[in-house]
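Peer 1: Starting from the given sequences, assemble the full structure and let the hints guide the process.
Protein chains: 2
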Amino acid sequence: MENADTTRSFVKDVKRVVVKVGTAVVTRADGRLALGRLGALCEQIHELNSQGFEVILVTSGAVGVGKQRLRYRRLINSSFADLQKPQDELDGKACAAVGQNGLLALYDSLFSQLDTTSAQLLVTDNDFRDPQFRKQLSETVDYLLSLKVIPVFNENDSISSRRAPYEDSSGIFWDNDSLAALLALELKADLLVLLSDVDGLFTGPPSDPQSQLIHTYVKERHEGLITFGDKSRVGRGGMTAKVKAAVYAAYAGIPVVITSGFAVDNIVRVLHGERIGTLFHRDSNSWTSTGETSARDMAVAARECSRRLQAVSSQERSKILLDVADALEANAELIISENEVDVSATKEAGYENSLVPRLALNLGKISNLANSIRVLAKMEEPIGRILKKTELADRLILEKTSSPLGVLFIIFESRPDALVQIASLAIRSGNGLLLKGGKEAKRSNSILHKIITSAIPENVGERLIGLVTSRDEIPELLKLDDVIDLVIPRGSNKLVSQIKSSTKIPVLGHADGVCHVYVDKSADMDMAKRIVSDAKTDYPAACNAMETLLIHKDLLQTELVNELVLELETKGVSLYGGTRASELLNIPKTHSLHHEYSSLACTVEIVDDVHDAIQHIHQHGSGHTDCVVAEDHEVAEVFLRQVDSAAVFHNASTRFSDGFRFGLGAEVGISTSRIHARGPVGVEGLLTTRWIARGHGQIVDGDKGVIYTHKDIPSQE
Amino acid sequence: MENADTTRSFVKDVKRVVVKVGTAVVTRADGRLALGRLGALCEQIHELNSQGFEVILVTSGAVGVGKQRLRYRRLINSSFADLQKPQDELDGKACAAVGQNGLLALYDSLFSQLDTTSAQLLVTDNDFRDPQFRKQLSETVDYLLSLKVIPVFNENDSISSRRAPYEDSSGIFWDNDSLAALLALELKADLLVLLSDVDGLFTGPPSDPQSQLIHTYVKERHEGLITFGDKSRVGRGGMTAKVKAAVYAAYAGIPVVITSGFAVDNIVRVLHGERIGTLFHRDSNSWTSTGETSARDMAVAARECSRRLQAVSSQERSKILLDVADALEANAELIISENEVDVSATKEAGYENSLVPRLALNLGKISNLANSIRVLAKMEEPIGRILKKTELADRLILEKTSSPLGVLFIIFESRPDALVQIASLAIRSGNGLLLKGGKEAKRSNSILHKIITSAIPENVGERLIGLVTSRDEIPELLKLDDVIDLVIPRGSNKLVSQIKSSTKIPVLGHADGVCHVYVDKSADMDMAKRIVSDAKTDYPAACNAMETLLIHKDLLQTELVNELVLELETKGVSLYGGTRASELLNIPKTHSLHHEYSSLACTVEIVDDVHDAIQHIHQHGSGHTDCVVAEDHEVAEVFLRQVDSAAVFHNASTRFSDGFRFGLGAEVGISTSRIHARGPVGVEGLLTTRWIARGHGQIVDGDKGVIYTHKDIPSQE
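Protein chains in written order, with the UniProt record's numbering: chain A, 1 to 717; chain B, 1 to 717.
For the record, the hints were derived by calculation from the structure and aren't laboratory data. Some hints here could point you the wrong way.
Pairs count within a copy or across copies, as identical chains cannot be separated in the list.
Said to hold, decoys possible - Here are the simulated BS3-like cross-link-like pairs (lysine-lysine), alpha carbons at most 27 Å apart as the crow flies:
{"hint": "1", "residue 1": "Lys148", "residue 2": "Lys188"}
{"hint": "2", "residue 1": "Lys244", "residue 2": "Lys521"}
{"hint": "3", "residue 1": "Lys442", "residue 2": "Lys521"}
{"hint": "4", "residue 1": "Lys389", "residue 2": "Lys711"}
{"hint": "5", "residue 1": "Lys389", "residue 2": "Lys378"}
{"hint": "6", "residue 1": "Lys388", "residue 2": "Lys85"}
{"hint": "7", "residue 1": "Lys93", "residue 2": "Lys67"}
{"hint": "8", "residue 1": "Lys704", "residue 2": "Lys571"}
{"hint": "9", "residue 1": "Lys504", "residue 2": "Lys479"}
{"hint": "10", "residue 1": "Lys711", "residue 2": "Lys378"}
{"hint": "11", "residue 1": "Lys388", "residue 2": "Lys711"}
{"hint": "12", "residue 1": "Lys378", "residue 2": "Lys319"}
Peer 2: Spelled out as structure tokens, the structure:
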């Protein structure tokens, strides 16, 4: 399947690019030149030029510049009497003649600040009728580009006598947009960039929040459907002219991107293959995914299917899971052969060895997965459970029931079995699902997704579970806070932080796990050693591993501190001290008390007592999991009650903080957020509630309609 | 109390402003000029100039420009042999001489594009020793400014012989930052703006996410505490030099703002009084609130107090509530007299009459409030309730317990009694609270806040509940997603939407309530009339009022439809139809099927059956409250099960969707979000959970440490 990556992959081969700058880009609202944008444009062209691209500039704006200058000249040359008379419009051709001068002088002066030379080329439609001219033009431009000079084109408006569009078999030319398209063809460019005052082509007026940016224009789908909005403030162009020119060039074989000239780096981003603006490409109609379908449409389809999934009976939902389990086993060989392609590609790419075991699937793993799905199929129905039942008034009964969240978007790395687990959790909890896996498991994820969705019956719809195939689509999906209800990133802290900072959709996860173990003076010495050692060394990279060891100051008088330090050092743990510990224990000082080592290293600090320990944890912790080791039960209860973290333990290793160990079954993730789900999250975290009331015609009528009883009714569960 | 408004109010009187542009602003990473930023700078100066401001520019960057040019000249004049030798550094003074030329020519050419003229003024420290020079300089600048010419200053580096800073009683001058400060004094400017490559002065290195932008520098608080980070990439300046110059100018009476020169409109924004960058002001130490204290500090203090509130016993928390109730009654007269000031101000301001009853407090209202607080005081302790108890392994017991969310930020309009209700809910649920009320209730809110916080004992701290006094602080607070856990806007849909779109903190609320009543063909005719009428007319402005009436198509054959229409029209309800209803019932067509009238008006549409009704609700509803009127129980159950809204009713008015009517006690709000709390939200919605485990030294040890039992233990509640 072609995916959104493909839609911009052609930029790899781009060397020669025509950039058209519209009047709305070079001109400010007051009609003067937009110097900031012009400067940024020249900086970008200079940068691309020095990177080896051949950039040809087509610029508008001369008429506007000339109008400014001529108005001023007329003012100076007017008598007072002249100024009393109505001022007629300035002649457009004269404005162009005056402005061309000023605009090109400015480009020259800007480029020369960057040690770059520009050249002026003024053309009219008539010129193109002469084959000799076209040959000469090509040769001149080739020569300029070979010297790294920037050719700057403009229609020679001041002497043009065109009244109707110029058109022949080789091209069409009626304004600077079409001139740019024509030049892209004539000069054999690899890409045409049209800079506009909006981000690209939208499904409706760009100012309407309902309008969506079209990433890839597909003529068959978009032609006629799109409102182009108003013509731009100034200039002849507007979006209609741009789309016409873009379609023309694209179908002649030159990809076109319409993007905003207001951003300071859009040309560079387009040439780096970023999916900004609207792409016009000859082959776009043959691309099965152009980004559009795979973002909003995918999410909307998943929600619709999830509603149908909720509507079917509990037995039917169980049946789907059993069918999925069977299908996985029946297709085990196919899965393994696709998985092997991923595994060998990963080995060839020379990735770290630890990746391969996480990536590789075998018959045993597949059968385990199938069996765990069968367990899930037999689990008590989680949807529609009555959590609370109240009689509001005589014969008016209110129930609070569990219900699916809606649509989940899960981003996971490496392990293809995660796809199977998450998909079955989603089916069990009645949610729609969008999945984005790591590219190293591309083939495995693709076949697993296909097998699972094939097992979903038609009355629910296989689009219940969508597979997102391109990284580029993630930012798009993260914007869809109206159709996606929860994002669950499973991967590095960096991934989680990035996602949290780039979406308004609630994110289930934790950016960091700075877990503490506090050893009280009342601690059992052997127990303290055992717990501290397990908490740090059982799996140092886990988020529930201990990162900071807090020790009661009185223990400095005993042997325990030395024994603890020795225990950790023997297991290869490097120790870094807080201010007190580094001095008293003679260990290097830590750079930060809020640090997740994720390796055989930890921070040690001395505290005065349990209150000081709690203070330390509140100030430097991450609210994940913290533990007190103490025989004094009063101390333990103070700690358990006051430490404000998702999980707080007494005399047990922090490593128990985990969905499986907590008995939640499959784990979706661990949340350090305080809203919705906190700590290890299982199926429950994928559910929300609905209030359902059954009455017999009761009305409120200013609260005189019924007599409120508000009686709790025990639910029969 | 002075508030954040005051800190930037001085800009009203600013006419003459000195703008200093640092080397890091005018220069790109590759050492060439940053043309985009320079262009934007000139555009801003032109804009301010035409708005009547007198702008004086002090620019760096000449040395960098000269270095470029001289390198090129040297290359051209070198023999191949010369180039083989190591290249010595270019002479700084020569670079300045060459660069000054190019830089000022560029300014001139940019300004002239905007019909603005600039003038060059090169000065050295020696010049300032001559009083005659200083007088002449003032006169020249005054004259230039009177002609709207932009004076552009630079240190005359190429001929300067200074080795140590120049300093006398009138000023100090050792670089362009201090030159700018000196000129601001000499030329009697009203404001100095120092443009940097960072957003202002931070509490730590700007690249460190922990660092906070300081909005207002207070010497007593910030001096010595601040890490300035690295010196800027290029140029002599860096932040230390800027702060020194800024402190110097500020204490001489000229306010200074350090802000980023990378944004295209920061100078304009500073002059419009926006709170961007760091302000240095002579009086800042006397300002009680400089924005810093009232945002982050308030939130942090509320969190600390909330932790102490959680630590006290349940009885103590009840006692606080009883004390608050007593204090309110004891101070009733004071409250009423302050409230009367608000009420008469509101009447004078000619607000709509409906506002006054909501605003006004009297003895009866106060006594009701006190009594409802006493009810809350007696309510079952909501914190620390065991929601689930599991034996994980022998003698390792896990509990899921309720715990406070942390810090709530509530924005409410008009009604001062809301402050009392919310504050007591927060105390009951152990949460810290920040309150922002409407300005029409300013005096009332202030006295109520004072009375309530006075009743909070010292071991908890009165900063548990903070009162936000300025609108300006709202955006600041909405950014603090690390210290505020939940935002609850209580007010118009517009307020809720605005807040939702401007924060990453979870928001409890609903932007709109498009509630439906579906009347099935099996409906009891009288019941349908009663419910529809109550749902629309009991309180048309409420969010749970019916906005759309859906009618089964078969009822068109009966009298019911006409009777329903007549019933509504008799009560003064205007009807607008969907496509089918407008034609069949001959009523005007509605503009949108997703419309909240909030008045005596509603949409009517005909649907085929219950499935069609559900489809309509999913497509056009807002997920708030929807109702089915039907005697056919199968139809009712399909509706109750499939309609995916926060509340779904059978044969009862949508108006029942309310915290009080649901028996939740006080209502915090109604949530249409699917995460955390859904539908009417009471105390429960202000709580989250914590996992607490009590063990006897158990460790994980690769899951061989214990034998998992995962037994549910019934909690003794």
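Peer 1: Give the relationship of Lys93 and Lys67 under a CA distance limit of 27 Å: within one copy only, between copies only, both, or neither.
Peer 2: Answer is within; shortest intra-copy Cα gap is 10 Å, inter-copy 42 Å.
Peer 1: Between copies, within a copy, both or neither: which fits Lys704 and Lys571 at Cα up to 27 Å?
Peer 2: Between copies only: 19 Å across, 73 Å inside.
Peer 1: Between Lys389 and Lys711, at a C-alpha cutoff of 27 Å, which is it: within one copy, between copies, both, or neither?
Peer 2: both (9 Å within a copy, 26 Å between copies)
Peer 1: Please work out whether the CA atoms of Lys388 and Lys85 approach to 27 Å or closer within one copy, between two copies, in both situations, or in neither?
Peer 2: Result: close neither inside a copy nor across copies, 80 Å intra and 87 Å inter.
Peer 1: Tell me, please, which holds for Lys504 and Lys479 at an alpha-carbon limit of 27 Å: within, between, both or neither?
Peer 2: Both, since 7 Å and 13 Å are each at most 27 Å.
Peer 1: Reference check for the pair Lys711 and Lys378, CA-CA at most 27 Å: within, between, both, or neither?
Peer 2: between (34 Å within a copy, 18 Å between copies)
Peer 1: How would you classify Lys148 and Lys188 at a CA-CA limit of 27 Å: within, between, both, or neither?
Peer 2: Within one copy, since 17 Å is at most 27 Å while 49 Å is not.
Peer 1: Could you figure out if Lys389 and Lys378 sit no more than 27 Å apart (CA to CA) within one copy, between two copies, both or neither?
Peer 2: Both. Shortest intra-copy (26 Å) and inter-copy (22 Å) distances satisfy the 27 Å Cα cut-off.
Peer 1: Up to 27 Å between alpha-carbons, please classify Lys244 paired with Lys521: within, between, both or neither.
Peer 2: neither (79 Å within a copy, 50 Å between copies)
Peer 1: Is it within a copy, between copies, both, or neither that the alpha carbon of Lys378 lies no farther than 27 Å from that of Lys319?
Peer 2: Intra 10 Å, inter 49 Å, cutoff 27 Å: intra-copy only.
Peer 1: Measure nothing new, just compare the shortest in-copy and cross-copy C-alpha distances for Lys442 and Lys521 to 27 Å and report within, between, both or neither.
Peer 2: Neither, since 53 Å and 52 Å both go past 27 Å.
Peer 1: My question is about Lys388 and Lys711: at a cut-off of 27 Å on alpha-carbon distance, are they close within one copy, between copies, both, or neither?
Peer 2: both (11 Å within a copy, 23 Å between copies)
In summary, the numbered hints that this structure violates are 2, 3 and 6.
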